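Engineer: Here is what each chain is made of, one letter per residue.
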Amino acid sequence: MKPLAVEVRNVTKKFGARTVLDGINLDVYEGESLVILGGSGSGKSTLLRHMIGNIKPSAGEVVAWGKSLSEMSEDALDEYRKSIGVLFQSGALFNSMTVFDNVALPMREHTRSNEETIRIQVLIKLEMVGLLEAAGRMPSELSGGMKKRAGLARALALDPKILFYDEPSAGLDPVTSHEIDLLMMRLNKVLGVTSVVVTHEMDSAYRIADRMVLLDRGKFIASGTVKEMQSSPDPLVHQFIFGEAEGPLTERRREGSYVDELLGN
Amino acid sequence: MNFLLRPIFILTTGVTGFVATTGAITNLILQSLTSSRRALLSKQGRRLGWENLWLQMVRVGVRSIPIVALVLFCIGAILALQMAPVLSSFGQQVMVPDIISIAIFRELGPLVSAIVLTGFAGASIAAEIGTMVVSEEIEALEAHAIEPIRFLVVPRIFATTVMMVCLAVVGSLAGILGGLFVAVFALKMNFQQYITHTFDVLLARDFITGLVKAGVFGAIISALACHLGLRVTGGAQGVGVATTRTVVLTIVSLIAVDLLFTTVFYIVGW
Chain A
11 MKPLAVEVRN
21 VTKKFGARTV
31 LDGINLDVYE
41 GESLVILGGS
51 GSGKSTLLRH
61 MIGNIKPSAG
71 EVVAWGKSLS
81 EMSEDALDEY
91 RKSIGVLFQS
101 GALFNSMTVF
111 DNVALPMREH
121 TRSNEETIRI
131 QVLIKLEMVG
141 LLEAAGRMPS
151 ELSGGMKKRA
161 GLARALALDP
171 KILFYDEPSA
181 GLDPVTSHEI
191 DLLMMRLNKV
201 LGVTSVVVTH
211 EMDSAYRIAD
221 RMVLLDRGKF
231 IASGTVKEMQ
241 SSPDPLVHQF
251 IFGEAEGPLT
261 ERRREGSYVD
271 ELLGN
Chain B
365 MNFLLRPIFI
375 LTTGVTGFVA
385 TTGAITNLIL
395 QSLTSSRRAL
405 LSKQGRRLGW
415 ENLWLQMVRV
425 GVRSIPIVAL
435 VLFCIGAILA
445 LQMAPVLSSF
455 GQQVMVPDII
465 SIAIFRELGP
475 LVSAIVLTGF
485 AGASIAAEIG
495 TMVVSEEIEA
505 LEAHAIEPIR
515 FLVVPRIFAT
525 TVMMVCLAVV
535 GSLAGILGGL
545 FVAVFALKMN
555 FQQYITHTFD
565 VLLARDFITG
575 LVKAGVFGAI
585 ISALACHLGL
595 RVTGGAQGVG
605 VATTRTVVLT
615 IVSLIAVDLL
625 FTTVFYIVGW
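Keeping their order, the protein sequence lines are chains A and B. Read left to right, the first sequence gives residues 11 to 275 (the numbering used here). Read left to right, the second sequence gives residues 365 to 634 (the numbering used here).
Just so you know, the hints here were simulated from the structure itself, not pulled from any lab data. Since this is a predicted model, take the numbers as computed values, not measurements. Take these hints with a grain of salt, some might be off.
Unchecked claim - Cross-link-like lysine to aspartate or glutamate pairs, in silico, EDC-like; alpha carbons within 20 Å at most: (1) K229/A - E261/A; (2) K66/A - E500/B; (3) K66/A - E503/B; (4) K199/A - D220/A; (5) K24/A - D220/A; (6) K66/A - E17/A; (7) K66/A - E511/B.
Could you build the full structure based on these sequences and the hints that come with them?
Structural biologist: The following block contains the structure:
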């Protein structure tokens, strides 16, 4: 068994009266490629935000290499954040800086390297994601796919041990999306970076996943390899995996009475 | 019943809102101080970012100099024109420079520059930070272990504080010039006499009270703008709301703080 990188232990998150995560347990092993599946609003992005230490759970804890994030000091949490990379859904590039400066920022902030070393490092990262020619451009001049790649280059800036991806293929055409998937696989297989991917794109998930978990209404309802998930007897899992329009997921939406809603009852 | 309770309700929400915002602003300024201390003492390569600070100073300060100078020049001129007839009726037209210099250095220089800077810097800071919240940039900073307070708030508060003091000096001088212009060309006063009166009446404490106020105004402008910017929710509309609220709240707070300071200076006898 590979060593554990990140463990999510009994994490519950409530926003007001709404429970978004309900007692989640998840282990992420070093070097694996884990896909967290779930429909819109299932809580998967919230789970990701817990794992990167941006939000604190209402109950439970996230443990990284044996240390609980909620008990860490600010400095220790910063150290953890320096050892991970995050690709946000929109790329989340800093719009006031060029692509080059975006990738250089974490290095300038957290290392004592001189500008020349940083320049070379940045160009290496940009080459890895195939964006060398766009180094001098502003984020507003990039296409959606290029923004994602630039975001990925920035996430790679400090040579992270784990990469978290929030919906990497959202809003991309199938070809670009495939390209990003290949990039993610290369980072995982060649550099040995642990991947945690949040997505609802099944094509992409099949390509990249060593292991999958399915999140529904704040709870995990299934986990396993691609094959295991595909042969799951649970109709809910079956519907999600095969993207069927009829099934328990869609039945549930019809429970609230439409007629009552219209009549204002 | 409702009609009786309504004013009470409005009053209580007003008071709680005031207390909450004041608390949040003070907290933000304190956090900025702790995080600058951490940045200065840190051995992990975490820095204050002097280039960034410089950029902000140019952005908030340098570009607003012409407007501040123009506005205060006009105010100086207006004051001279308004004062002259009244003072002449007492045969005291020669006191025009005294009144103008005290009014400008102690009060109008800092306050008017601060109001101009609110429009210039406050609004743009709120809009900028608000947009960064909306486009996940703040979250990305946190995920890269770059504290938004240190990276965004500290340089802005510092830049507006320093530049506000400079602006108040420039603005006050422009105000004196405006008065001088009217006095010499319209009121036919002696140039030399005006200058002598101006510098005779001004005491060190007049400069100091003016500049202390200016510094505090500067801190308030960006602390409020950053606070409201970081609180933005709900996309483009939220950014718009934050910008408007920043301008209105800042101008009200500037005048309230000004009143507070002036009262204190009055009691102390400064």
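Engineer: Hint by hint, note whether the structure agrees.
Structural biologist: Quick rundown of the hints versus the structure:
A hinted pair counts as satisfied when its Cα atoms are at most 20 Å apart, and K229/A with E261/A qualifies at roughly 18 Å. Annotation: proposed proximity of K66/A to E500/B holds, straight-line Cα distance about 18 Å (limit 20 Å). Proximity of K66/A to E503/B is assessed by CA-CA distance (about 14 Å); at most 20 Å being required, the pair is judged to hold. Distance check on the hinted pair: K199/A and D220/A sit about 11 Å apart at the alpha-carbon level, within 20 Å; holds.
Straight-line distance between C-alpha atoms of K24/A and D220/A comes to about 30 Å, which puts the hinted pair past the 20 Å bound. The straight-line distance between the Cα atoms of K66/A and E17/A is roughly 14 Å, inside the 20 Å bound, and the hint therefore holds. With a C-alpha separation of about 16 Å, the suggested pairing of K66/A with E511/B holds against the 20 Å cut-off.
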